[in-house]
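Number of protein chains: 2
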Amino acid sequence: MTLLEGYIGIDTLTEQIRKKALRQGFEFNVMVVGQSGLGKSTMINTLFQSKVSRRTFNKEDYFCPKTIEIKSISHDIEEKGIRLKLTVTDTPGFGDHINNNNCWTPITKYINEQYETYLNEEISIKRRKRIPDTRVHCCLYFIAPTGHSLRPIDIEAMKRLVKVVNVIPVIAKADSLTLEERDKFKRIIQDELKQNNIEVFPNDQHEDLDDEEAENNKWLRKKLPFAVVGATDSYNVNGKNVLGRKTNFGLIEVENENHCEFSYLRNMIIRTHLQDLKDVTAQVHYEAYRQRRLETIKSDPSKQETNGTVIDMVTPTPSPVGSLRFQKTANASPRSSQATATPANHTPKVSPANNTSKTAPVVANSAPHKAMPNANGQSVQMNAKAKAAMAHSAKNGGSHHLAESKI
Amino acid sequence: MTLLEGYIGIDTLTEQIRKKALRQGFEFNVMVVGQSGLGKSTMINTLFQSKVSRRTFNKEDYFCPKTIEIKSISHDIEEKGIRLKLTVTDTPGFGDHINNNNCWTPITKYINEQYETYLNEEISIKRRKRIPDTRVHCCLYFIAPTGHSLRPIDIEAMKRLVKVVNVIPVIAKADSLTLEERDKFKRIIQDELKQNNIEVFPNDQHEDLDDEEAENNKWLRKKLPFAVVGATDSYNVNGKNVLGRKTNFGLIEVENENHCEFSYLRNMIIRTHLQDLKDVTAQVHYEAYRQRRLETIKSDPSKQETNGTVIDMVTPTPSPVGSLRFQKTANASPRSSQATATPANHTPKVSPANNTSKTAPVVANSAPHKAMPNANGQSVQMNAKAKAAMAHSAKNGGSHHLAESKI
Numbered sequence: 000m001t002l003l004e005g006y007i008g009i010d011t012l013t014e015q016i017r018k019k020a021l022r023q024g025f026e027f028n029v030m031v032v033g034q035s036g037l038g039k040s041t042m043i044n045t046l047f048q049s050k051v052s053r054r055t056f057n058k059e060d061y062f063c064p065k066t067i068e069i070k071s072i073s074h075d076i077e078e079k080g081i082r083l084k085l086t087v088t089d090t091p092g093f094g095d096h097i098n099n100n101n102c103w104t105p106i107t108k109y110i111n112e113q114y115e116t117y118l119n120e121e122i123s124i125k126r127r128k129r130i131p132d133t134r135v136h137c138c139l140y141f142i143a144p145t146g147h148s149l150r151p152i153d154i155e156a157m158k159r160l161v162k163v164v165n166v167i168p169v170i171a172k173a174d175s176l177t178l179e180e181r182d183k184f185k186r187i188i189q190d191e192l193k194q195n196n197i198e199v200f201p202n203d204q205h206e207d208l209d210d211e212e213a214e215n216n217k218w219l220r221k222k223l224p225f226a227v228v229g230a231t232d233s234y235n236v237n238g239k240n241v242l243g244r245k246t247n248f249g250l251i252e253v254e255n256e257n258h259c260e261f262s263y264l265r266n267m268i269i270r271t272h273l274q275d276l277k278d279v280t281a282q283v284h285y286e287a288y289r290q291r292r293l294e295t296i297k298s299d300p301s302k303q304e305t306n307g308t309v310i311d312m313v314t315p316t317p318s319p320v321g322s323l324r325f326q327k328t329a330n331a332s333p334r335s336s337q338a339t340a341t342p343a344n345h346t347p348k349v350s351p352a353n354n355t356s357k358t359a360p361v362v363a364n365s366a367p368h369k370a371m372p373n374a375n376g377q378s379v380q381m382n383a384k385a386k387a388a389m390a391h392s393a394k395n396g397g398s399h400h401l402a403e404s405k406i
Numbered sequence: 000m001t002l003l004e005g006y007i008g009i010d011t012l013t014e015q016i017r018k019k020a021l022r023q024g025f026e027f028n029v030m031v032v033g034q035s036g037l038g039k040s041t042m043i044n045t046l047f048q049s050k051v052s053r054r055t056f057n058k059e060d061y062f063c064p065k066t067i068e069i070k071s072i073s074h075d076i077e078e079k080g081i082r083l084k085l086t087v088t089d090t091p092g093f094g095d096h097i098n099n100n101n102c103w104t105p106i107t108k109y110i111n112e113q114y115e116t117y118l119n120e121e122i123s124i125k126r127r128k129r130i131p132d133t134r135v136h137c138c139l140y141f142i143a144p145t146g147h148s149l150r151p152i153d154i155e156a157m158k159r160l161v162k163v164v165n166v167i168p169v170i171a172k173a174d175s176l177t178l179e180e181r182d183k184f185k186r187i188i189q190d191e192l193k194q195n196n197i198e199v200f201p202n203d204q205h206e207d208l209d210d211e212e213a214e215n216n217k218w219l220r221k222k223l224p225f226a227v228v229g230a231t232d233s234y235n236v237n238g239k240n241v242l243g244r245k246t247n248f249g250l251i252e253v254e255n256e257n258h259c260e261f262s263y264l265r266n267m268i269i270r271t272h273l274q275d276l277k278d279v280t281a282q283v284h285y286e287a288y289r290q291r292r293l294e295t296i297k298s299d300p301s302k303q304e305t306n307g308t309v310i311d312m313v314t315p316t317p318s319p320v321g322s323l324r325f326q327k328t329a330n331a332s333p334r335s336s337q338a339t340a341t342p343a344n345h346t347p348k349v350s351p352a353n354n355t356s357k358t359a360p361v362v363a364n365s366a367p368h369k370a371m372p373n374a375n376g377q378s379v380q381m382n383a384k385a386k387a388a389m390a391h392s393a394k395n396g397g398s399h400h401l402a403e404s405k406i
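From first to last, the protein sequence lines stand for chains A and B.
Residue numbers for the first sequence follow numbering that gives the first Met the number 0, so the first one is 0 and each next one is one higher.
Residue numbers for the second sequence follow numbering that gives the first Met the number 0, so the first one is 0 and each next one is one higher.
Calculated from the structure, these hints are not laboratory results.
You may find that some hints are simply not true.
The list cannot tell twin chains apart, which means a pair is met if one copy fits it or any two copies do.
Calculated pairs, EDC-like style, for lysine to aspartate or glutamate (alpha carbon to alpha carbon, straight line, at most 16 Å) [claimed, not checked]:
| id | residue 1 | residue 2 |
| --- | --- | --- |
| 1 | Lys162 | Glu286 |
| 2 | Lys19 | Asp209 |
| 3 | Lys18 | Asp278 |
| 4 | Lys193 | Glu294 |
| 5 | Lys128 | Asp278 |
| 6 | Lys128 | Asp207 |
| 7 | Lys18 | Glu211 |
| 8 | Lys221 | Glu191 |
| 9 | Lys18 | Glu212 |
| 10 | Lys108 | Glu212 |
| 11 | Lys183 | Glu121 |
| 12 | Lys18 | Asp209 |
| 13 | Lys19 | Asp203 |
| 14 | Lys158 | Glu120 |
| 15 | Lys19 | Glu212 |
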């Protein structure tokens with residue numbers, strides 16, 4: 000360490016960074032996965048104290064999707080001058096069918112598609128100053144409060160999910176369990192996760208932590224999965240307004256640590272680990288996807304020799320429905336258009352109709368496929384060779400399948 | 000904007016980021032360019048209040064390099080818990096010869112080489128979590144205090160430099176000018192920079208600034224180039240120790256705004272614009288290099304079809320001295336080894352011998368050429384096709400020449 004003979008002012012650096020971060024704002028993308036009726040939307044609305052997620056099941060607009068849909072909604076929120084673009088991705092239909100074989104596939108596919116979009120932007124020749132980040136930073140997995148054990152679908156789905164995204168499991172609607180049942184259920188789940196090598200977030204191996212942080216993570220891992228209760232109604236308790244659920248037996252205060260573990264979850268996701276969730280997504284999950292993708296190209300020259308641009312080196316393979324291929328050319332990020340729609344209007348509540356940015360039923364295999372836009376928004380035209388390579392790839396199940404199959 | 004119904008805690012984000020920044024530390028790379036005898040080393044030592052730069056011209060070890068050398072020295076400094084790895088790159092020999100034709104070429108070549116190193120790391124399949132940043136963030140250009148005008152070499156050199164790096168011009172040894180001479184000289188220089196389209200730092204077109212920042216930059220541009228005096232000796236003035244130069248006519252206090260403009264320079268480089276300098280380097284200069292480089296490959300397929308890996312797509316073209324090509328295989332960043340040498344020993348003053356990390360005389364064209372290490376530190380072997388492409392490229396003057404020629 001070189002000694003300084005006087006004050007020079009490099010301690011201003013954190014303030015310089017803070018100012019820039021404030022000016023730019025933040026992005027955070029959270030996904031909820033779990034059977035219907037486990038209070039996923041309510042939990043998100045409780046976490047962010049606003050109507051950021053709507054219930055997909057309601058009396059006026061009854062529907063039970065026949066396929067799994069992926070729906071993303073973006074909201075701009077602000078607190079003490081910090082602006083956050085929050086995107087909530089819902090997965091209605093997951094686990095709700097008679098046959099739930101591979102019901103996690105559309106979810107991992109969606110997650111990988113976001114990496115693919117990011118990768119295409121990252122490797123394009125003329126790229127934007129800041130790549131819009133639609134990558135899923137956090138996946139909240141809702142476990143039904145059975146008190147028995149994880150269901151096979153939970154184990155199989157989480158096994159796949161933890162390979163591509165930060166998974167935080169929660170025991171939903173935990174007010175249905177007594178404290179004894181809850182603690183026993185937790186221990187069983189922890190054992191099952193361990194037996195199946197399911198590494199949920201936080202996982203220390205990805206980060207250089209100081210002692211305090213490592214200790215905190217150790218404590219968190221012992222408490223996982225948090226047994227939570229969501230509620231958006233507030234009640235007056237000793238002159239103070241608290242969020243809670245009024246039952247016949249009394250008021251369950253969601254932020255009261257004696258009643259449930261909601262506050263642990265909120266503290267972790269928002270107040271201590273939000274930036275960690277983003278960093279692990281970028282440095283671990285995205286990098287792993289990028290590496291798999293580039294190695295696939297390297298090992299199969301037919302996927303490399305397209306039209307000779309670097310962009311096409313990692314072009315996403317199209318879905319068989321070719322006509323949809325250039326549909327989204329002008330909109331590289333599925334949610335970037337959404338982002339401008341919501342904040343510009345300063346609408347506290349946006350109607351469901353214009354708020355659902357992406358609906359991708361999987362059975363029809365017609366997920367809108369990202370074309371290959373370069374930074375100018377122009378679609379990169381492919382030559383015959385490229386098309387042949389793509390046809391070859393599509394025949395083999397497409398790129399996402401390739402990534403998926405390694406999991 | 001979606002309304003929040005209670006406090007959720009996203010204002011903790013800046014603190015989360017600050018903690019991570021503190022843990023990781025910062026990197027800052029500054030280059031000094033100017034004729035010998037203008038006090039470049041003294042100025043750097045004054046800016047950073049330490050012996051981070053040594054004089055290349057001294058009585059014991061007299062030498063006047065026949066070629067322009069590029070020398071980088073890294074130091075770890077710390078202030079109030081903020082750690083900074085500071086690298087100072089000196090360019091002794093610049094403008095010191097009878098014929099100074101193209102004397103800026105080794106400098107722009109060095110700058111581009113750092114971009115090339117970074118680019119190779121960025122596009123490799125298995126890449127490091129954090130790419131060591133050896134890119135030059137700031138180039139201090141020293142103008143001789145003639146009082147007349149810029150010399151042709153200043154105009155020609157700065158014309159090239161501003162295309163690849165943030166240039167901050169300073170009037171060196173400004174104590175030799177009266178205030179009237181100084182102000183007149185400044186106006187002349189400002190006019191000459193304008194006439195020659197030399198856009199020095201700060202240049203607002205690269206950043207989205209708020210009103211206060213834009214106003215501050217406007218003020219700075221009016222004051223540029225700062226007329227500075229460096230000094231590392233301190234004197235007692237009214238009971239306070241101040242840095243100064245004792246002349247026959249009195250004491251020149253370097254931090255006194257009535258004596259010279261050193262404090263403006265220090266405030267800009269360290270206290271208000273250090274992060275800006277880094278961001279503009281990454282988002283403007285590096286991106287421009289990357290784009291030129293990838294477009295060169297795109298337009299000349301012989302440079303693309305190497306051994307089929309993405310790494311080789313933008314392999315640096317070797318210098319004609321082929322035997323040196325794999326010399327630095329194990330050391331992707333020319334200064335990363337230096338970084339571990341200095342702080343580990345906790346040596347406040349390091350002798351010149353083990354402190355000069357890179358010396359690249361240009362006439363001999365034997366600049367140690369970066370091999371193509373992947374993240375494992377393994378050198379990527381080239382096949383015959385790749386070697387042919389490289390030979391082709393070297394024949395045409397190499398990649399840096401290509402980039403350079405567009406300037």
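Exercise. How would you label the pair Lys18, Asp278 (within, between, both, or neither) given a Cα cut-off of 16 Å?
Worked result: between (20 Å within a copy, 13 Å between copies)
Report task. Check Lys18 against Asp209 for me: Cα-Cα at most 16 Å, and say if that holds within a copy, between copies, both or neither. Result -> For Lys18 and Asp209, the Cα distance is within 16 Å only across copies (10 Å; inside one copy 25 Å).
Are the CA atoms of Lys162 and Glu286 at most 16 Å apart within a copy, between copies, both, or neither?
within (12 Å within a copy, 32 Å between copies)
Note to self: Within a copy, between copies, both or neither: which one fits Lys128 and Asp278 at a CA-CA cutoff of 16 Å?
What the structure shows: Cα proximity of Lys128 and Asp278: across copies only (10 Å, versus 19 Å in one copy).
For this session: Pop the pair Lys19 and Glu212 into one bin, within, between, both or neither, using alpha-carbon distances up to 16 Å.
Result: Classified as between: cross-chain Cα gap 11 Å, same-chain 25 Å, threshold 16 Å.
message = For Lys158 and Glu120, with the copy left unspecified, which applies at a CA distance of at most 16 Å: within, between, both, or neither?
response = Result: close neither inside a copy nor across copies, 29 Å intra and 32 Å inter.
> Between Lys108 and Glu212, at a C-alpha cutoff of 16 Å, which is it: within one copy, between copies, both, or neither?
Replying inline: This pair counts as neither: shortest intra-copy Cα distance 33 Å, inter-copy 43 Å.
Status of Asp203 relative to Lys19 across identical chains (alpha carbons, at most 16 Å): Close across copies (15 Å), not inside one copy (28 Å); limit 16 Å.
>> For Lys221 and Glu191, with the copy left unspecified, which applies at a CA distance of at most 16 Å: within, between, both, or neither?
In response: Intra 14 Å, inter 67 Å, cutoff 16 Å: intra-copy only.
I want to check one pair: Lys193 and Glu294. Are their C-alpha atoms no more than 16 Å apart within a copy, between two copies, both, or neither? neither (30 Å within a copy, 49 Å between copies)
Up to 16 Å CA-CA - Glu121 versus Lys183, copy category:
For Lys183 and Glu121, neither the intra-copy (46 Å) nor the inter-copy (48 Å) Cα distance is at most 16 Å.
Within, between, both or neither: how does the pair Lys128, Asp207 come out at a Cα-Cα threshold of 16 Å? The answer is between: 11 Å across copies meets 16 Å, while 28 Å in one copy does not.
Checked against the numbered hints given earlier, the structure breaks hints 4, 10, 11 and 14 and satisfies all the rest.
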